[in-house]
Every structure is written in structure tokens, then in C-alpha cells.
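A.B. asks: So the protein sequences, as listed, match chains H, D and A.
With my numbering, letter number 126 in the first sequence gets 126, and the count goes up by one each step, no holes.
With my numbering, letter number 77 in the second sequence gets 77, and the count goes up by one each step, no holes.
With my numbering, letter number 152 in the third sequence gets 152, and the count goes up by one each step, no holes.
You may find that some hints are simply not true.
[Stated by the list, open to error] Straight line, CA to CA, 16 Å or less: simulated EDC-like cross-link-like pairs of lysine to aspartate or glutamate: (1) Lys159(A) - Glu106(A); (2) Lys84(A) - Asp87(H); (3) Lys159(A) - Glu102(A); (4) Lys84(A) - Glu200(H); (5) Lys159(A) - Glu208(H).
Hints in this document: simulated from the structure, not taken from any laboratory.
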Amino acid sequence: MSFEELSAHAQEIVEKAMEWDLERMGYMKVGDNEWMPRSSYGGRAGQYPGYGGSTMTQSEVDADMAEVSGRYDDVPGLFDAFSSLPDPASFDAGIDDLTAALGKLSQGSGGEDPTNGSPTPANTILDGMDTSQDYLARWTGIAAAQFKENFVDTFESITTNQFLLTSYIKGALEAEKSLWDAARRNIDEIAEDTITALEEMGDCGKNEWSMAFSVAGAVVALVAVPFTAGGSLVAAATFAGVGGALSIGGAAVGNMEDAPELDMSGESPEAVIGNMREAITKLKDEISKAEQKIADKMTELQGIVDGHRELFVAPRPNLADSGPGDIREDMGVPR
Amino acid sequence: MGDTGTELGVDCYELYDAGHNLYPAIASEFDACATGFSASSSYNAFVRDSSIGLGYSGAYTEWSAAANTLDNVLAETGRNLRDTGQALMLAANTYAATDAAAQAEYDRRKRELG
Amino acid sequence: MTTSTIDNPINSLDVTVATPDEKAYGRVRGRREVSVWFAPGYYDAATESDLQRQLTRLGRLLFAARMREYYRLRSLAFRRTVTKESPPATDRDREFVGRRDELVAEGSSPDGQIRVSAVGMQNWTVSIEPGLSRTRDEQSFLADLATAANALVDDQFAKIRELKYDVYA
Numbered sequence: 001m002s003f004e005e006l007s008a009h010a011q012e013i014v015e016k017a018m019e020w021d022l023e024r025m026g027y028m029k030v031g032d033n034e035w036m037p038r039s040s041y042g043g044r045a046g047q048y049p050g051y052g053g054s055t056m057t058q059s060e061v062d063a064d065m066a067e068v069s070g071r072y073d074d075v076p077g078l079f080d081a082f083s084s085l086p087d088p089a090s091f092d093a094g095i096d097d098l099t100a101a102l103g104k105l106s107q108g109s110g111g112e113d114p115t116n117g118s119p120t121p122a123n124t125i126l127d128g129m130d131t132s133q134d135y136l137a138r139w140t141g142i143a144a145a146q147f148k149e150n151f152v153d154t155f156e157s158i159t160t161n162q163f164l165l166t167s168y169i170k171g172a173l174e175a176e177k178s179l180w181d182a183a184r185r186n187i188d189e190i191a192e193d194t195i196t197a198l199e200e201m202g203d204c205g206k207n208e209w210s211m212a213f214s215v216a217g218a219v220v221a222l223v224a225v226p227f228t229a230g231g232s233l234v235a236a237a238t239f240a241g242v243g244g245a246l247s248i249g250g251a252a253v254g255n256m257e258d259a260p261e262l263d264m265s266g267e268s269p270e271a272v273i274g275n276m277r278e279a280i281t282k283l284k285d286e287i288s289k290a291e292q293k294i295a296d297k298m299t300e301l302q303g304i305v306d307g308h309r310e311l312f313v314a315p316r317p318n319l320a321d322s323g324p325g326d327i328r329e330d331m332g333v334p335r
Numbered sequence: 001m002g003d004t005g006t007e008l009g010v011d012c013y014e015l016y017d018a019g020h021n022l023y024p025a026i027a028s029e030f031d032a033c034a035t036g037f038s039a040s041s042s043y044n045a046f047v048r049d050s051s052i053g054l055g056y057s058g059a060y061t062e063w064s065a066a067a068n069t070l071d072n073v074l075a076e077t078g079r080n081l082r083d084t085g086q087a088l089m090l091a092a093n094t095y096a097a098t099d100a101a102a103q104a105e106y107d108r109r110k111r112e113l114g
Numbered sequence: 001m002t003t004s005t006i007d008n009p010i011n012s013l014d015v016t017v018a019t020p021d022e023k024a025y026g027r028v029r030g031r032r033e034v035s036v037w038f039a040p041g042y043y044d045a046a047t048e049s050d051l052q053r054q055l056t057r058l059g060r061l062l063f064a065a066r067m068r069e070y071y072r073l074r075s076l077a078f079r080r081t082v083t084k085e086s087p088p089a090t091d092r093d094r095e096f097v098g099r100r101d102e103l104v105a106e107g108s109s110p111d112g113q114i115r116v117s118a119v120g121m122q123n124w125t126v127s128i129e130p131g132l133s134r135t136r137d138e139q140s141f142l143a144d145l146a147t148a149a150n151a152l153v154d155d156q157f158a159k160i161r162e163l164k165y166d167v168y169a
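Isolated chain H (complex conformation):
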């Protein structure tokens, strides 16, 4: 893919468009960016009888040049903004860090990462919490009992919720990665297709092609999963995350429609480049829609955590602040 050559492509689009227009107006290329009216014994009769004996003045020639280049001088700018599209690889570090965290939060028989459906081996260090349940159960003190009930007994479901939360935040980065991967490809395709279309305009058939906006399918909706509280699902805390088409495997839900397409055709540079402008506008639109999906999902997720904080972290146990003065009261006696 030649995404890095975007501005070189833009330059070529302008040059090819101008060449066609100037040739049509009866000009002939005599050097790099140098054109002169075709002489009467060169080719087309009529318009510009001969440079030497022509009635065209230098300023008329200059005016033609300015008019033609003015038709397409917006083209480089249209592509400029896209040269800074995020590098998909720049999301890898965050994805890797969150994947490592997932490994640490995985319990029991292993968790399944909802953003890609792949199983995560369990972290057996977490089993220690289960082991400690019996230890704490024998102490009669209120603080000890509260710690067991509100921290130890809830640990499994809270950690599961933290696992899911981590996965959804990772999924958003994977969605970004897929979005920018597709966006880079799509803008490059628009540039290259425009050049090809300008090159093929002179052939005898209808000059038609189409653009598929794969960026529209880059951010994939996942199956909704409720967070849990002690073994029961909390319907009010149900959330459907997003993932990236690149990572998704089989975990997606109904996001596999065909990419939106734009049919294009043009037998003149103005028609071809008009289609190109339309494609660029549509691409920007699809990028915004995809990115909005990610932002909206993160806002929704934040809302769920804010509204149900107890699902994601246990309150600080009183026992955590016990000192020599209150430890015996807090623990009670062991039975």
C-alpha cells in the first residue's frame, strides 16, 4: 500500500488533469510544466493557428494556465489532512499492556475475552482468595466478618467484572487500530483509483469504477454481556462493547454487512475529480461515524461504572485500617 505516497499521488492527479484540459484547449507540452499553443502544422487546425503568427498574447496563455490549474488547486489540500492519519501500529503498546492485565485478572477455568472470543488461561495466584475464605470464616469479630462478606466473597464476581472492563477498554483500542488501518487503505485507494481513472479516460470504453468504504465495517459491535453481582447478572449493567475487525474472529454480532459503495464515472478530469471529492467527503463521514461509535461506547461504559461502582471494586474494609489498639475487637475470637 502506498499511503506514504499520498501527496505524490495528489500531485500526479493535478498534473494528469491539467494535461488533458490543456491538450483539449490546443496546447502542447514542451517541457516540465511548459505549454504552448499547438502550431497549425502540428495537429489540430482552427483554434490556435500558430504561435508565431497566432493572435494569442502571452497574457492570454498565462490566463489559460491559471484557469486550468485553478480548477484543481484544492486537490493537494484535500489529501494533506489524511497524511497524518493515526498509525494503526501505535495502538499496539496499549493493547499489549491491557492484554497482560487480562492475563492477570483471569480466574477459575480461564476467562473468555469478549473482544476476540479467545480464552485466557487462568491466573492461579488469584485462587488464594478462595483458600482464605475458610480462614476468615472462623473469626467472630464484626470487621473480620464484613471483610469476608464484602471483599473475599465478592472477589470472584468483582474480578470477573474487572476482567470484562479491561477487555472492553482494550477492545476500543483494537477498534481504533482497525479503523485507521482501513482509513489509510481507503484514502490510498481513492488516490490511486483517481490516477487510474485519469489514465484510462482516453480509452474507448465508458470510464467507470467504484469505491468500497471498508472503514465502515472496521468498528464491530460485540454481543451484549451483563456484569455480575455474586453470581447473578445485573440487567441494568448490561454492556455491548466494540472491537476491531482485524482482531474480531467470530465474536462479532451483525456487523458483517457489505461496505457502502460509491459508483463513479468520468470522461473528463472535472468529472473524475468531482467524483474523487465526493469519495473523500464520504470517507471523512464514515471515519467520523466509526469514531463516534467508539466514543459513545466508552461514555456508556463510564456511565455504568459510575452508576454501579460496587460491581467493580469492593469498598475499603475496616479491617484494612486496624491497628494494635483495635485488632482484637475487629477480629473477635476463632472458633
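Use these hints to put chains D and A onto chain H, whose structure you have.
C.D. replies: This is chains D and A only, laid out in the frame that chain H set:
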């Protein structure tokens, strides 16, 4: 009414096992999650021309808010667990010291089981 | 001509056809380069009217093969399979197609003794000056034929361009 002697020693060792072995290990896992990830290190990844998508930093604001919340709950879990572990070790030492037989059993188990 | 920043597969077009009896062969390379040759011994044995008939048939076959290959390569370039042009959709399209069907493209050898023409690239005429194939060896005949064919292709491209200028300005 409450264990004494050797049985108390065993109970104390259990608290010690939780506070010295099990809980710090789990807390370290949570600390590692929290410190191993920082939302701001992904900031540059989001940056692009302000005419594209949701603007200069795209969805970073919304994403990093959720990511920072995650970081906080993990760090909080680790901290609470570590502190409670300390309290349990205090409890183990305190109760073992009340009874010679308990202390002996407590020390023996620590020596043999770690 | 600008050097391109893309690698257009259509630039590598290269197609060869033979007449059904495999006596005459034609090849198109790139945009415009046409060459023709005969099966061994055919040129010496054939009459002029044989040659005219073969070459007329070859012209039509070569154009059809060129267009098939053109669409195959165009499909690669635009990443979507298209095998022929869609029906005319506008008044301009209809005018273009109508006038294209009537376009006369012509080419001749330097001495004018071999002349080729095509109407709408469908009705081909190959005229060989009587007695020419007796006086010319095969190589020099084929060289002159190629010159005429290439001139026809250039003429067709130039007229198509003028037609597009006229209809789609």
C-alpha cells in the same frame, strides 16, 4: 469459647498465610495491572489533523476516562488487599503471643510451611 | 508524459490471438504496439485475397481479445471485476456510443500500398495493392502491415479523444 493452645496456633498460622503469602501475591498482580498500563501513553496514537473524525485527539477523552477508571479500581483493590494482609499478620502475631502453646505451634508452622 | 506514482496493470497489457485456422497471428502490447505474423509457409502460398480475408478476420479478433484483456486488467486495477461497459445512462452516453460505432479509424504503410480501416472497430477492411505480396518478402510486408496497424490504432485513440472532448466537455 474460642480456640486455644495448638488449635489457636493453627488459626494464627492461617491468618499469617493469608496476610504474608496469599494476599500480597494477589495484590502484586493488581498493582502490576495498574502500573503496567497507563492511558496517557496511548495519547499520541489518537492524534491527527483536526478536520478528521472527532477532531485532533479523536475519542481519546472518552476512552482515557474509562481507562483511568479501570486503573483506579485495580490500584484500589491492590491497596486494600495489601493493607488488610498487614492487619491479618498483626492479628496472627497478637493472638499467638497470648498463649505459649499457640505461639509454639504458630512458629513451627511458619518454619515448616513458610 | 508524467512518470506515474502508481503501477497501473493496464500498462502491461499483452495479448496474442490467432485466426481459427492458425495461419495468421496478431499481438497487442501496452497501449498501442501491434504486430502481426503468419504461420510458416503461409505467406508464400496465399493469394492476395486470402491475405486480405485473413487479416480482416484477425483485426476483429485482435480487437475483441484486446478488450477482454483490457477489462481483466482494469478489474485488477480497480479491485472489482467488470467485464464490459455498462449500458449508456445519459443522453451524452447515448450520443457517445452512437458516434463511436460510426468512427472510422485508418492507417496505411509509408508507401500507401497497404491500407487498413475499421468502422466502430467492428467492420474491418484490409487493402493490399495488387501484386504487392509477390514483390515483397514476408518480413518487409509484415513491417509495413505493422506500420499501417499502429497508425490505425493511433488514429482510433486520437478520434476517441476528440469525441470525448466534444461530447463530454
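A.B. asks: Are the hints correct? Go through all of them and say.
C.D. replies: How the hints compare with the structure:
no. : hint                  : result
1   : Lys159(A) - Glu106(A) : 10 Å, holds
2   : Lys84(A) - Asp87(H)   : 38 Å, violated
3   : Lys159(A) - Glu102(A) : 11 Å, holds
4   : Lys84(A) - Glu200(H)  : 14 Å, holds
5   : Lys159(A) - Glu208(H) : 20 Å, violated
Of the hints listed earlier, those the structure fails to meet are numbers 2, 5, in rising order.
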